[in-house]
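Let the hints inform the model, and build the full structure from the sequences given.
Protein chains: 2
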Amino acid sequence: MKQNIYDDPNFFNNYSQMPRSVDGLKAAGEWDELRSILPDLQDKRVLDLGCGFGWHCRYAREQLARSVVGIDLSENMLARAKQITEDPAIEYRQLAIEDIDFPEGEFDVVLSSLALHYVEQLDDVIQKVHHCLVPGGTFVLSVEHPVFTALAAQDWHYDSEGQRMHWPVDNYQDEGLRQANFLENDVLKYHRTVATYMNTLIETGFTITKISEPKPSAKMLDEIPEMRDETRRPIFLIIAAVKN
Amino acid sequence: MKQNIYDDPNFFNNYSQMPRSVDGLKAAGEWDELRSILPDLQDKRVLDLGCGFGWHCRYAREQLARSVVGIDLSENMLARAKQITEDPAIEYRQLAIEDIDFPEGEFDVVLSSLALHYVEQLDDVIQKVHHCLVPGGTFVLSVEHPVFTALAAQDWHYDSEGQRMHWPVDNYQDEGLRQANFLENDVLKYHRTVATYMNTLIETGFTITKISEPKPSAKMLDEIPEMRDETRRPIFLIIAAVKN
Numbered sequence: 002m003k004q005n006i007y008d009d010p011n012f013f014n015n016y017s018q019m020p021r022s023v024d025g026l027k028a029a030g031e032w033d034e035l036r037s038i039l040p041d042l043q044d045k046r047v048l049d050l051g052c053g054f055g056w057h058c059r060y061a062r063e064q065l066a067r068s069v070v071g072i073d074l075s076e077n078m079l080a081r082a083k084q085i086t087e088d089p090a091i092e093y094r095q096l097a098i099e100d101i102d103f104p105e106g107e108f109d110v111v112l113s114s115l116a117l118h119y120v121e122q123l124d125d126v127i128q129k130v131h132h133c134l135v136p137g138g139t140f141v142l143s144v145e146h147p148v149f150t151a152l153a154a155q156d157w158h159y160d161s162e163g164q165r166m167h168w169p170v171d172n173y174q175d176e177g178l179r180q181a182n183f184l185e186n187d188v189l190k191y192h193r194t195v196a197t198y199m200n201t202l203i204e205t206g207f208t209i210t211k212i213s214e215p216k217p218s219a220k221m222l223d224e225i226p227e228m229r230d231e232t233r234r235p236i237f238l239i240i241a242a243v244k245n
Numbered sequence: 002m003k004q005n006i007y008d009d010p011n012f013f014n015n016y017s018q019m020p021r022s023v024d025g026l027k028a029a030g031e032w033d034e035l036r037s038i039l040p041d042l043q044d045k046r047v048l049d050l051g052c053g054f055g056w057h058c059r060y061a062r063e064q065l066a067r068s069v070v071g072i073d074l075s076e077n078m079l080a081r082a083k084q085i086t087e088d089p090a091i092e093y094r095q096l097a098i099e100d101i102d103f104p105e106g107e108f109d110v111v112l113s114s115l116a117l118h119y120v121e122q123l124d125d126v127i128q129k130v131h132h133c134l135v136p137g138g139t140f141v142l143s144v145e146h147p148v149f150t151a152l153a154a155q156d157w158h159y160d161s162e163g164q165r166m167h168w169p170v171d172n173y174q175d176e177g178l179r180q181a182n183f184l185e186n187d188v189l190k191y192h193r194t195v196a197t198y199m200n201t202l203i204e205t206g207f208t209i210t211k212i213s214e215p216k217p218s219a220k221m222l223d224e225i226p227e228m229r230d231e232t233r234r235p236i237f238l239i240i241a242a243v244k245n
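Protein sequences appear in the order of chains A and B. For the first sequence, this note's numbering assigns the number 2 to the initial residue and increments by one for each residue that follows. For the second sequence, this note's numbering assigns the number 2 to the initial residue and increments by one for each residue that follows.
No false leads were slipped in.
Because identical chains share one entry, a pair is satisfied inside a single copy or across any pair of copies.
Dumping the calculated DSBU-like pairs for lysine-lysine here, alpha-carbon to alpha-carbon at most 35 Å:
| # | residue 1 | residue 2 |
| --- | --- | --- |
| 1 | K3 | K129 |
| 2 | K211 | K129 |
| 3 | K3 | K211 |
| 4 | K83 | K27 |
| 5 | K83 | K211 |
| 6 | K83 | K129 |
| 7 | K220 | K83 |
Note that these hints are calculated values from the structure, not bench results.
Set out below in structure tokens:
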């Protein structure tokens, strides 16, 4: 199933108002960490899977990437991306992540930010990413953390006074579909264990070079006190891997 | 701090009555998975960090390992290990994991089963393991899973009727000491994130070849219905890595 929730007008409207949609990468809590994990992009041919508004595509070009292809299934997302991009070296294509079919060795770097937990057949996608990377090329992906996706409710456990007691984990080993709620809409996500993310990459022919479960920086904790809760449980998992 | 809780008579007595202490590897829920991840041990020189009663040392010799060194800080554990081992190719040494100091390339395989969450300076130990392995040698370790060690209580969250509601996670990003309770004794453990385990290995010069968050097999679920709870949260993390 290829989900296109971003073309649901209500969802798109809500998504468009998120801080990261309005202010871009600097409003994304995990961006500092993701950026630090990205390889040098200068003169690289970059593919962004699930590019959304194109923030990472434009960032890659700021870092002097030679060319960038951003793909996304959502017409809404791509229309906005094109609207705010003036750069002939960035090409946006409307395409499901599952349907990519690029030639062997077409890219030096493949990125995917918070999109692969929407994909049912992770192994197929990782196989295709491996195919379209040059040997030695880098794949950097971020997903919602398995600790975060295990329970479909994706919410804290509260005490009788409405305080956040802890983050509940259950059904961790039961991989597969989760009917979650995001921005007041039903969204289908796929829960996978940490082991599955890692082993799928390794078995496909990648060497894992870095893992991150990003946490707020001291500066962020100072400026946004509610970020303290983001030290209580991992919300994202970032993996960098190099094609063997 | 090098903890030697296993030489506390009360703890040792309780530990000695655990199924895995009485019946060995076949009574350890994660053993099938750990065994499947071990490399071929034939003719290998093997080191076991935190060998306890020596079950893995004897297994290695059954697999025709050339020689095995098992180290453990506990006199009690080693006395029992020696008592139930008749094999001149297995050498037991009383030594803290933190104090290993083997020559470069002394071993082909290093194992450590459920011991490294007791070690404060993980990076030092991994450095020493790297040093004493031959290039291409394998390090296989299991630890209590970070989802399991995050909260010192290491217990389920129960509803008002005493039923297990879910596994609580909190303080995940706060790495360090946890005053836990194991077999009615206070035990010091060190909580680390999944990312820290992985990155410490990678940065020391290992390539990660396999991750496992073992879950009960269908057979085990049939035979021991209460094992169903072990599908609800990961309890162990197993990592196999090869020295670059």
